[in-house]
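S.K.: Residue-level listing of the chains:
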Amino acid sequence: MSIKIQAKDLNLYYGEKHALKNVNLDIEENKITAFIGPSGCGKSTFLKTLNRMNDYVKNIKITGNVSLDEEDIYDSRVDTTILRKKVGMVFQQPNPFPMSIYDNVAYGPRIHGIKNKKQLDEIVEKSLKAAALYDEVADRLHTSALGLSGGQQQRLCIARCLAVEPDVILLDEPTSALDPISTLKIEELLMELKEKYTIAIVTHNMQQASRIADYTAFFLVGEMVEYGKTKDLFSLPKDKRTEDYITGRFG
Amino acid sequence: MRRQFDEELDKLNTDLTKMGHLVEVSIENMIDAFKNQDKELAKEIMTNDRLINDMERTIESRSFNLILRQQPIASDLRNVTSALKIVTDLERIGDQAADIAEIIVSFEEKHAYRTVEHIPTMAKKTKIMVHEAIEAFIKKDLSTAQMVIKMDDEIDELFQEVKQEVVEIIKENSERIDFCMDFLMIAKYLERVGDHAVNICEWLEFNQTGIVNEQRLI
Chain A
1 MSIKIQAKDL
11 NLYYGEKHAL
21 KNVNLDIEEN
31 KITAFIGPSG
41 CGKSTFLKTL
51 NRMNDYVKNI
61 KITGNVSLDE
71 EDIYDSRVDT
81 TILRKKVGMV
91 FQQPNPFPMS
101 IYDNVAYGPR
111 IHGIKNKKQL
121 DEIVEKSLKA
131 AALYDEVADR
141 LHTSALGLSG
151 GQQQRLCIAR
161 CLAVEPDVIL
171 LDEPTSALDP
181 ISTLKIEELL
191 MELKEKYTIA
201 IVTHNMQQAS
211 RIADYTAFFL
221 VGEMVEYGKT
231 KDLFSLPKDK
241 RTEDYITGRF
251 G
Chain B
252 MRRQFDEELD
262 KLNTDLTKMG
272 HLVEVSIENM
282 IDAFKNQDKE
292 LAKEIMTNDR
302 LINDMERTIE
312 SRSFNLILRQ
322 QPIASDLRNV
332 TSALKIVTDL
342 ERIGDQAADI
352 AEIIVSFEEK
362 HAYRTVEHIP
372 TMAKKTKIMV
382 HEAIEAFIKK
392 DLSTAQMVIK
402 MDDEIDELFQ
412 EVKQEVVEII
422 KENSERIDFC
432 MDFLMIAKYL
442 ERVGDHAVNI
452 CEWLEFNQTG
462 IVNEQRLI
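Chains A and B, in that order, are what the protein sequence lines are. Read in order, the letters of the first sequence correspond to residues 1 to 251 in my numbering. Read in order, the letters of the second sequence correspond to residues 252 to 469 in my numbering.
Simulated from the structure, these hints should not be mistaken for lab results. Quick reminder that beta carbons are idealized off the backbone N, C-alpha and C, glycines included. Worth double-checking, as some hints may not be accurate.
If you want the footprint, here are the derived chain A segments under chain B, 3+ residues with CB under 8 Å [unchecked claim]:
#, region
1, 116–124
2, 238–248
Taking lysine-lysine pairs in the DSS-like style, the calculated list, with each CA pair at most 27 Å apart, reads [stated by the list, open to error]:
#, chain 1, residue 1, chain 2, residue 2
3, B, K336, B, K439
4, B, K269, B, K414
5, B, K391, A, K238
6, B, K294, B, K378
7, A, K238, B, K390
8, A, K185, A, K238
9, A, K117, A, K85
10, B, K422, A, K231
11, A, K240, B, K375
12, A, K238, B, K290
13, A, K231, B, K336
14, B, K390, B, K286
15, A, K240, B, K294
16, B, K336, A, K229
17, B, K336, A, K240
18, A, K240, B, K391
Here are a few chain B residues that face chain A, going by a calculated C-beta distance under 8 Å [to be verified]:
#, residue
19, R253
20, H272
21, I324
22, D327
23, L328
24, N330
25, A363
26, I469
Isolated chain A, as found in the complex:
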């Protein structure tokens, strides 16, 4: 068992609002960790601390520590571009760039200096295959990504993330906007991807967490209430608040 990301005594403030309260959490390598909890509990805020997406928020203050491979990601010497290459993110609404499928996937590698066409072709094909999208788009790589279905667009976003060879993939409710079949396709994809990547996913869908997550953390009002193996958390939660939330006794 190897810890990929560790949060220690993490506190986050949006101005006066104490949005994350003393969060301590280890994210295991090559596993899927789900964050669940009611709206406003801090799970997405926590997810965004893992690749410093919160840096763009005004009046934000963070104390404590988040480390990736035992290195503090909030150290002033950290290059956030490199960090976000290593720790990629996929959002709730699929957000393909308004360009071709090919250019969407090649965008990241190009930004990082890869210009050789053959190399780019290989990266695009490999990433689209890894995202289980290649077969559906191989004959139209140079058509607009905006013409894809919602589920395909989301897989394209995953391919875009994979193209820069991350270690970790963060997903913030990646299937909330998708139909059930697209949702299941993405879930199957994540189960395959965890062989090579570490995955953290925010989800409102308890069944999704129980289907795919190895570990689950329950957040409530900024606090990380309980964390453990998904099957333990869903069968015999230790904290009554966890039990009440997952059984729908409160939303």
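Using the hints provided, position chain B relative to the given structure of chain A.
M.R.: Then chain B, alone, in the frame of chain A:
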């Protein structure tokens, strides 16, 4: 927030309580019919066994539909799945009472109840076990369940005593062999009733801890 779900769970509990009561009545009536050689009561037990079987199907159907519609987890899942498991044991207890009743109907010998000395004790203890097991399950009382599980050793010992007694009776008078076979069957059925009461208690442990016989199932 989950009114419909909670109502369904309440109905499941009510059905389980009702089935438990029917089974207890069956056992009590079986002992009374046996003591008093009341063949009419024995026939009634056999007829009423149908009600117990119907309750098993009702509870199974309610549980399956709960799982289908509500996807229960945590304590709700353990409640529904343990209900599914214990209805089988309750139904089997009902069957055993009916099987004993069938034998009582065919008895010709007077005072049959006292013929084999240990049988009345076995019958009393299994009645207690069934009552306590059902109470323990409904009240989620693990310590009573533990007590019931321990009582099973006594039932098993009594069964061995009955076997010995029966052997002695046959040795004394081999013409009593048919009668003795019936008693052995009755004792075996009582012993099985004890086992089913133990099963109910073990599923209570699962209901509370996810563990059965030291094995974590969920």
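S.K.: Is the hinted pair A:K238 and B:K290 satisfied, with a Cα-Cα distance of at most 27 Å?
M.R.: Between A:K238 and B:K290 the Cα gap is close to 54 Å, so the pair fails against 27 Å, i.e. violated.
S.K.: Has the given pair, A:K238 with B:K390, been kept, meaning a C-alpha gap of at most 27 Å?
M.R.: 21 Å, holds
S.K.: Tell me if the straight-line CA distance from B:K294 to B:K378 falls inside 27 Å.
M.R.: At roughly 19 Å apart (the allowed maximum being 27 Å), B:K378 and B:K294 satisfy the hint.
S.K.: Decide if the proposed pair is consistent with the structure: B:K336 and A:K229, CA atoms, cutoff 27 Å inclusive.
M.R.: 26 Å, holds
S.K.: How does the coverage statement for the region 116–124 of chain A fare against chain B, requiring three or more residues with Cβ below 8 Å from a Cβ of that chain?
M.R.: This one is violated; 0 residues, fewer than the three required, reach chain B with a Cβ under 8 Å.
S.K.: For the pair supplied as a hint, A:K240 and B:K375, is the alpha-carbon distance within the 27 Å limit?
M.R.: Roughly 41 Å between the alpha carbons, so the hint for A:K240 and B:K375 is violated.
S.K.: Compare the distance between the alpha carbons of B:K269 and B:K414 with 27 Å, and conclude whether the hinted pair is satisfied.
M.R.: Roughly 35 Å between the alpha carbons, so the hint for B:K269 and B:K414 is violated.
S.K.: When you check the alpha-carbon spacing of A:K240 and B:K294, does it fall within 27 Å?
M.R.: Roughly 50 Å between the alpha carbons, so the hint for A:K240 and B:K294 is violated.
S.K.: Mind checking the alpha carbons of A:K117 and A:K85 for me, to see if they're no more than 27 Å apart?
M.R.: 21 Å, holds
S.K.: Does the CB of B:R253 sit less than 8 Å away from some CB of chain A?
M.R.: With a minimum Cβ separation of about 5 Å from chain A (threshold 8 Å), the hint on B:R253 holds.
S.K.: Taking the least C-beta to C-beta distance, is B:D327 closer than 8 Å to chain A?
M.R.: 5 Å, holds
S.K.: Does the closest beta carbon of chain A sit nearer than 8 Å to the beta carbon of B:N330?
M.R.: 10 Å, violated
Comparing the model with each numbered hint stated earlier shows that hints 1, 4, 8, 10, 11, 12, 14, 15, 20, 24 and 25 do not hold.
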